[in-house]
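Novice: Below are the chains, spelled out letter by letter.
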Amino acid sequence: MGIGLTHYLVISAMLFCLGLFGIITRKNAIMVLMGLELVLNSANINFVAFAKYGGLNIQGHVAAIFVIILADAEATVALAIVLNIYQNFHHVNVDEVDKLKD
Amino acid sequence: MDLFTIIFYLMAFIIVGSAILVVTSKNIMYSAFSLLFTFFGVAGLYVLLNADFLAVTQIMIYIGGILILIIFGVMLTTKITGVDINSGITGKIQLGIASVLTAFLFVILAFIFAKTKWFTGANMPSQPSINQIGNELLTNYLLAFEAASVLLLIAIVGAAMIARRKH
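If you read the sequences in order, they're chains A and B.
No gaps in the numbering here: position 40 of the first sequence is 40 in the working numbering, and each next residue is one more.
Plus 1000 on top of the position in the second sequence (first one is 1) and you've got the working numbering.
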């Protein structure tokens, strides 16, 4: 039995669940961001796997490129916000940040 | 057991092992460095899936861009001299509930993936994909392409605006 579509899908499901676990269990905002990157990567693996095996062809690659673009923009703005939170609160624990302005 | 299979399982091992390290490590710097191996493993999977351009993009953007940004964020928001560099795990009860929930979700997802009869079209021929991607981006996806470039511009300006010191 060779490597087929299902193998890639299971790998991406594993990566998705690990990313979700990271997002749920961490308090540090940067760790939450890392979990988010894992989730986005798992979605990308699915797109590219369907591009090869599911007849999605080059469209899957284009969708994956747009996901990468969005992940980059999101990471930039999120880290800017995290830096701002650190200036105001001197920590980046997302569960203790409950004021918009002090 | 041909070479393709061996490399696939090697990449899968790298991805899953380093992702587990990312989400369980106590030190946030170790998490950031494990993320490097996860991204490399995903790039390897892209190579196995005949996506050469995406593999290079993954290495250039995720490792050269996002990971560097994350490490900068770690260094700017932790006290480097102190021991306060932990990644902040929530309580034991939340940890248990979260692991049970995500394991359950993984079992469900894997079950669905294995049981579904996916439409498998003709396998994509293995040829360089840069030409086709360029054609698609500038014909069918032109509007989305332009919107993405405007989005990136706004993200740059907005990030610089937000992160600036206000005094």
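Watch out, some of these pointers could steer you wrong.
What the hints assert, rightly or not - DSS-like mimics (lysine-lysine), calculated; alpha carbons at most 30 Å apart, straight line:
no.	chain 1	residue 1	chain 2	residue 2
1	A	Lys27	B	Lys1092
2	A	Lys99	B	Lys1166
3	A	Lys101	A	Lys27
4	A	Lys99	A	Lys27
5	B	Lys1115	A	Lys27
6	B	Lys1092	A	Lys99
7	A	Lys101	B	Lys1166
8	A	Lys99	B	Lys1026
9	B	Lys1092	B	Lys1026
10	A	Lys27	B	Lys1166
It is worth saying that the hints were derived from the structure and are not from the lab.
Novice: Are any of the numbered hints broken by this structure? If so, which, sorted upward?
Specialist: 5
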